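Participant: In case you want the letters, here they are:
Number of protein chains: 2
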Amino acid sequence: MSKRPLILLTNDDGMTAPGLRALVDAVSSLGEIIVVAPDTPQSGKGHAITIEEPLRIHEVNVFDGIVAYECSGTPVDCVKLAKNVLLKERQPDICLSGINHGSNASINIIYSGTLSAAMEASLEGIDSIGFSLLDYSFSANFQDCLPYVTDIVRHVLENPLECTKLLNVNIPVGQIKGVKICRQAEARWVEEFQEGSDPRGEKYYWLTGRFESLDQGPDADVTALQNGYISIVPSMHDLTHYQALDSLRSLEKIELNRVSEI
Amino acid sequence: MSKRPLILLTNDDGMTAPGLRALVDAVSSLGEIIVVAPDTPQSGKGHAITIEEPLRIHEVNVFDGIVAYECSGTPVDCVKLAKNVLLKERQPDICLSGINHGSNASINIIYSGTLSAAMEASLEGIDSIGFSLLDYSFSANFQDCLPYVTDIVRHVLENPLECTKLLNVNIPVGQIKGVKICRQAEARWVEEFQEGSDPRGEKYYWLTGRFESLDQGPDADVTALQNGYISIVPSMHDLTHYQALDSLRSLEKIELNRVSEI
Numbered sequence: 101m102s103k104r105p106l107i108l109l110t111n112d113d114g115m116t117a118p119g120l121r122a123l124v125d126a127v128s129s130l131g132e133i134i135v136v137a138p139d140t141p142q143s144g145k146g147h148a149i150t151i152e153e154p155l156r157i158h159e160v161n162v163f164d165g166i167v168a169y170e171c172s173g174t175p176v177d178c179v180k181l182a183k184n185v186l187l188k189e190r191q192p193d194i195c196l197s198g199i200n201h202g203s204n205a206s207i208n209i210i211y212s213g214t215l216s217a218a219m220e221a222s223l224e225g226i227d228s229i230g231f232s233l234l235d236y237s238f239s240a241n242f243q244d245c246l247p248y249v250t251d252i253v254r255h256v257l258e259n260p261l262e263c264t265k266l267l268n269v270n271i272p273v274g275q276i277k278g279v280k281i282c283r284q285a286e287a288r289w290v291e292e293f294q295e296g297s298d299p300r301g302e303k304y305y306w307l308t309g310r311f312e313s314l315d316q317g318p319d320a321d322v323t324a325l326q327n328g329y330i331s332i333v334p335s336m337h338d339l340t341h342y343q344a345l346d347s348l349r350s351l352e353k354i355e356l357n358r359v360s361e362i
Numbered sequence: 101m102s103k104r105p106l107i108l109l110t111n112d113d114g115m116t117a118p119g120l121r122a123l124v125d126a127v128s129s130l131g132e133i134i135v136v137a138p139d140t141p142q143s144g145k146g147h148a149i150t151i152e153e154p155l156r157i158h159e160v161n162v163f164d165g166i167v168a169y170e171c172s173g174t175p176v177d178c179v180k181l182a183k184n185v186l187l188k189e190r191q192p193d194i195c196l197s198g199i200n201h202g203s204n205a206s207i208n209i210i211y212s213g214t215l216s217a218a219m220e221a222s223l224e225g226i227d228s229i230g231f232s233l234l235d236y237s238f239s240a241n242f243q244d245c246l247p248y249v250t251d252i253v254r255h256v257l258e259n260p261l262e263c264t265k266l267l268n269v270n271i272p273v274g275q276i277k278g279v280k281i282c283r284q285a286e287a288r289w290v291e292e293f294q295e296g297s298d299p300r301g302e303k304y305y306w307l308t309g310r311f312e313s314l315d316q317g318p319d320a321d322v323t324a325l326q327n328g329y330i331s332i333v334p335s336m337h338d339l340t341h342y343q344a345l346d347s348l349r350s351l352e353k354i355e356l357n358r359v360s361e362i
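So the sequence lines, in the order shown, correspond to chains A and B. Just add 100 to the spot in the first sequence (first one is 1) and you have my numbering. Just add 100 to the spot in the second sequence (first one is 1) and you have my numbering.
For reference, chain A alone in the conformation it holds in the complex (with noise of 0.2 Å):
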């Protein structure tokens, strides 16, 4: 690459998170950053966008030497923001979302505001990677995992994405044994309400849960992150089940058994 590639950078827990600054360290001697990250924590806001209000932008001054923007939206926001108003004269080489504070493997993609940014960017043919620290506290320990963020995106800067625009990728914590490229792992959240009242004795549910996993396939993302191994799964944005076409074509005859009965 002749030039130096233009790295955007977002995330879901804002501008603010230690995992989005670990990310910056990580990466900020590979080529040129941008930030645009949201101003307020996002977690679990899934690909939500602001249709029904304005959305505002402010540069500020938050990484050494880094620009940085903060945006009042979503993550997926803040990557249209990047996109369509930020970056109009350059599209970035690569849009790098994370490092969330918490696992994003299995069925969490679908709710992660981290994976939903990463995309977002994806859609518009950028090569774009969410990376997550199966560690969900403020003061997780981003340190060990950084050597392999940093290879990560060097190898993908270096052998740009083809079938695929878009990787969830998953740390573990302590140490790591390598990587695996794996599928996205079948599992649930089992949850519940927490029921309680407000000051003014209005009541209110509060959602809790615990993630269950039902799968032990040795290609699963969450079966390599409990053997030591960082995971990866390409992903993408066709939902369609394919297997599931053929046994739906009774559907098609709804028509004809209507036009019948008439």
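Everything hinted at is true.
It does not matter which identical chain is used: a pair holds within one copy or between any two.
Calculated cross-link-like contacts (lysine-lysine; reagent style DSS-like; alpha-carbon spacing at most 30 Å):
(1) Lys103 to Lys188
(2) Lys188 to Lys303
(3) Lys277 to Lys353
I should point out that these hints are in silico values taken from the structure, not numbers from a laboratory. Since this is a predicted model, take the numbers as computed values, not measurements.
Position chain B relative to chain A; hints supplied.
Facilitator: Positioned in the frame of chain A, the structure of chain B alone reads:
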């Protein structure tokens, strides 16, 4: 089915949206209905969930003789509350979401609160259908399509879904020619932000854009809709790009390279 089926209804346009009322009208003869819908419009909320704050539920009298609860959260929150709080004793036989005011064909599925609500129910093993009419206006005419909606729901109640648990049903405006089982078309949003100044003189950006289909395939949902057919896309939550797995194996060598560098 010996017992009358329990039908959970939700949407993303909110409890008072005409599309939800149309859906109630279409299916109220098919079983026992419970409506659990957002108390405010939630278009474009994707698979967002509310984790930073508590949720509220209120029973409301909106549909004559139909049990209905409005919730303070997103469409996915509504389904989680329905399952874990309101319907703890008896799981719904089917979950219907919509009828959305506007298309959720093609790439729209990933931004859609309507489809995300249905997907959330499908994750719980419940047959789920998202319905959308290709008319964004509040005063859209839902009447012409209601017999089809009734037929599709009756068909799925009589023939439970097998391979997939989630159908994305989009309905064209005007004369309906029939029903086609389709794949999700490849498409994108070409976007721009309308810039303006608020009453305090602060700059804002407001999302706008137009849908651009990149896919004329005869089996694509957008094509079926253009030709006057209802499109039904079997959909899923596994975002793995299986064809891309092998192209990424070189990333697994990163660790070896790192070790050899040391």
